[in-house]
Amino acid sequence: MNLESKWLEDFSALAATRSFSQAAERRFVTQPAFSRRIRSLEAALGLTLVNRSRTPVELTAAGQLFLVTARTVVEQLGEVLRHLHHLEGGQGEVIQVAAAHSLALGFFPRWIAQLRNEGLNIATRLVATNVGDAVHALREGGCDLMLAFYDPDAAMQMDPEIFPSLHLGQTEMLPVCAADANGKPLFDLEGEASVPLLAYSAGAFLGRSVNGLLRQRQLRFTTIYETAMADSLKSMALEGLGIAWVPQLSVRAELARGELVVCGGPQWHVPLEIRLYRCALVRKANVRLLWRKLEGGAAQSS
Numbered sequence: 036m037n038l039e040s041k042w043l044e045d046f047s048a049l050a051a052t053r054s055f056s057q058a059a060e061r062r063f064v065t066q067p068a069f070s071r072r073i074r075s076l077e078a079a080l081g082l083t084l085v086n087r088s089r090t091p092v093e094l095t096a097a098g099q100l101f102l103v104t105a106r107t108v109v110e111q112l113g114e115v116l117r118h119l120h121h122l123e124g125g126q127g128e129v130i131q132v133a134a135a136h137s138l139a140l141g142f143f144p145r146w147i148a149q150l151r152n153e154g155l156n157i158a159t160r161l162v163a164t165n166v167g168d169a170v171h172a173l174r175e176g177g178c179d180l181m182l183a184f185y186d187p188d189a190a191m192q193m194d195p196e197i198f199p200s201l202h203l204g205q206t207e208m209l210p211v212c213a214a215d216a217n218g219k220p221l222f223d224l225e226g227e228a229s230v231p232l233l234a235y236s237a238g239a240f241l242g243r244s245v246n247g248l249l250r251q252r253q254l255r256f257t258t259i260y261e262t263a264m265a266d267s268l269k270s271m272a273l274e275g276l277g278i279a280w281v282p283q284l285s286v287r288a289e290l291a292r293g294e295l296v297v298c299g300g301p302q303w304h305v306p307l308e309i310r311l312y313r314c315a316l317v318r319k320a321n322v323r324l325l326w327r328k329l330e331g332g333a334a335q336s337s
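Just remember that the working numbering sits 35 ahead of the position in the sequence shown, which is counted from 1.
Keep in mind the hints are simulated off the structure, nothing from the lab. Careful, some of the hints might be misleading.
What the hints assert, rightly or not - Across the chosen pairs, the derived CB separations fall in these ranges: (1) Gln253 x Arg292: 27 to 37 Å; (2) Glu196 x Val162: 17 to 27 Å; (3) Pro306 x Asn156: 29 to 39 Å; (4) Arg323 x Arg71: 18 to 28 Å; (5) Arg243 x Glu294: 37 to 47 Å; (6) Ala163 x Glu294: 15 to 25 Å; (7) Thr104 x Arg243: 30 to 40 Å; (8) Glu294 x Ser56: 31 to 41 Å; (9) Leu80 x Arg145: 24 to 34 Å; (10) Ala68 x Ala163: 36 to 46 Å; (11) Ala79 x Gln251: 46 to 56 Å.
This one's a predicted model, so the numbers in the text were calculated from it and none came from an experiment. Beta carbons are placed, not taken as given, at the ideal position from N, Cα and C, and that holds for glycine.
Please put together the full structure from these sequences, using the hints given.
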């Protein structure tokens, strides 16, 4: 098999733009020449990488997997060249991490600080995003690692052989609301009256977990606000507008200051597992080093 590195860069550009014309412009070649290079890549691999019948173009399942390898090879070539030209300054590889918003704020800083305290001086670049976009980035090589809450029902529809994961810690979602003048919750989950609910948008993983609890407990509520972001729900709860279920790691400070209070006992709490995901096709040295350390049981956090 004879592959040219420029074909891998072409394919990465096509995946990024989803357009032959835009990718050709980005690669400074004509569109016919660019199309021929993509077909040459497919011929060399014996695979169809691109579904050309769709607009914008889509990658086939084989194309999505090969994209991870293509980006890794291009990136590693770039790393070598930067080292040879003394442009890296000895900093080494940067690990790119995509994380759910609440984990990016409430878990990631402490976790990285713990790793560095244990002697693992890795350089990281964090992108806070929603879970769907994070999964997409991991699938297509847009990040090296993904930090997310484990979804036992869907398991994010990722093959564990290609996308292995590790347990990092445990937390839970707590029902919180603002306090009255006496420091008591403004709203009562055990009362007879319907409570104002600050809810997650349809399809949000955290929302599915909360909705299951609400059905089980048969809570009477009126939804007054919806969003996909836990921190936005927390902000609304701080204004005294209702009850929100948010990860405990997102409300540590507000609970300690008494700005928010937990308004339900353990029967109203929702357990959450924090997991780290990677793609087994990625060969970054620092990613492998971090994974080995975590598999050895170090830097586990809760």
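Range hint 31 to 41 Å: satisfied by the CB atoms of Glu294 and Ser56? Distance hint for Glu294, Ser56 is violated at roughly 53 Å.
With respect to the beta-carbon atoms only, verify the hint that Ala79 and Gln251 lie 46 to 56 Å apart. At roughly 55 Å between Cβ atoms, Gln251 and Ala79 fall inside 46 to 56 Å, so the hint holds.
Does the hinted range 24 to 34 Å hold for Leu80 and Arg145 at CB? Given range 24 to 34 Å: violated, Cβ gap about 43 Å.
A range of 17 to 27 Å was offered for this pair. Does it hold for the Cβ distance of Glu196 and Val162? holds, 25 Å
With 30 to 40 Å as the target window, see if Thr104 and Arg243 comply at their CB atoms. holds, 33 Å
Can you let me know if the beta-carbon spacing of Ala163 and Glu294 is within 15 to 25 Å? holds, 23 Å
Does the Cβ distance between Ala68 and Ala163 fall inside 36 to 46 Å? For Ala68 and Ala163 the Cβ distance comes to about 39 Å; the hint holds.
Between Gln253 and Arg292, does the C-beta distance stay in 27 to 37 Å? Given a distance of about 33 Å, which is inside 27 to 37 Å, the answer is holds.
Hint check for Asn156 and Pro306 - Cβ pair distance inside 29 to 39 Å: holds, 33 Å
When you take the CB atoms of Arg243 and Glu294, is the distance between them in 37 to 47 Å? This hint is violated: roughly 28 Å between Cβ atoms.
Quick one: are Arg323 and Arg71 within 18 to 28 Å, going by C-beta? At 36 Å between Cβs, range violated.
Violated hints, in rising order: 4, 5, 8, 9; the structure is consistent with all others.
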